[in-house]
Amino acid sequence: MENNVESLRKEKKVSQEDLASIVGVSRQTIISIEKGKYNPSITLAFKIAKYFDKKIEDIFIYNEEKDN
Amino acid sequence: MNKLKANILWNALLFLLPVGLIILGVVTNNEPVLGLGILMGAIMLIKLIRLILCWMKPKTREKYLNRVNDERVNYIAGKSAIVSYIFMEFSSLAILIYAIAMELSTLQTILSGIMCIGLFAYMITYFILSKKE
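Just so you know, the sequences run in chain order W and A. Just so you know, my numbering puts 16 at position 16 of the first sequence, and the rest follows in order with no gaps. Just so you know, my numbering puts 81 at position 81 of the second sequence, and the rest follows in order with no gaps.
If you're looking for bench data, these hints aren't it; they were derived computationally from the structure. Mixed in with the good hints, there may be bad ones.
Subject to a maximum C-alpha distance of 25 Å in a straight line, what follows is the list of computed DMTMM-like cross-link-like pairs (lysine to aspartate or glutamate) [as the list claims (entries may be wrong)]:
{"hint": "1", "chain 1": "W", "residue 1": "47", "chain 2": "A", "residue 2": "71"}
{"hint": "2", "chain 1": "A", "residue 1": "79", "chain 2": "A", "residue 2": "89"}
{"hint": "3", "chain 1": "A", "residue 1": "57", "chain 2": "W", "residue 2": "17"}
{"hint": "4", "chain 1": "A", "residue 1": "57", "chain 2": "W", "residue 2": "18"}
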């Protein structure tokens, strides 16, 4: 799963710490999501999408080829 | 009640255990029990004070709650628990084979019992959690 969290966050000029606090997770989780190491739950994905005022599919891109 | 308050209450309740050990150690004049009670009490008291201090500062409280509610932390904890469980079961199996080879019957019985309880507990927990979620 690829995502645009890092670019959207930088666009909005929000720190990882602040984003983590807003969506209710640790900074390490935001780092892992941005690096593509961790796929968030649907609840967390919704929270992130809501914060950036975007649809989930605009932020998280499912890549079937990479998944297989 | 949030997780921090629940943790404080739980730790305060658990603090009765070292207190009990200290009383038991003093009454029976048993120094190892008294020492264990003091050691456990000191560790638990430090943890309790840390939690209370965390609860008193709003920013630290929020950070703490974000950390304990963090889904990645819970995911990692679950994964490491299952890996540790598998490791423990295989270690027990290795020691059990050694006990059989060395004809250590008491160790064989204890290890077989522990392994059976472990596997049974895993099955029961899995069944309960699968019904819940």
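Holds or violated: residue 57(A) and residue 17(W), Cα atoms, limit 25 Å.
holds (18 Å)
key: Holds or violated: residue 47(W) to residue 71(A), with C-alpha atoms at most 25 Å apart   = holds (13 Å)
| message | Would the hint linking residue 79(A) and residue 89(A) be met if the CA-CA limit is 25 Å? | response | holds (16 Å)
Note to self: Check the hint pairing residue 57(A) with residue 18(W) against an upper bound of 25 Å on the C-alpha distance.
What the structure shows: holds (18 Å)
This entry satisfies every hint, going by the numbered hints stated previously.
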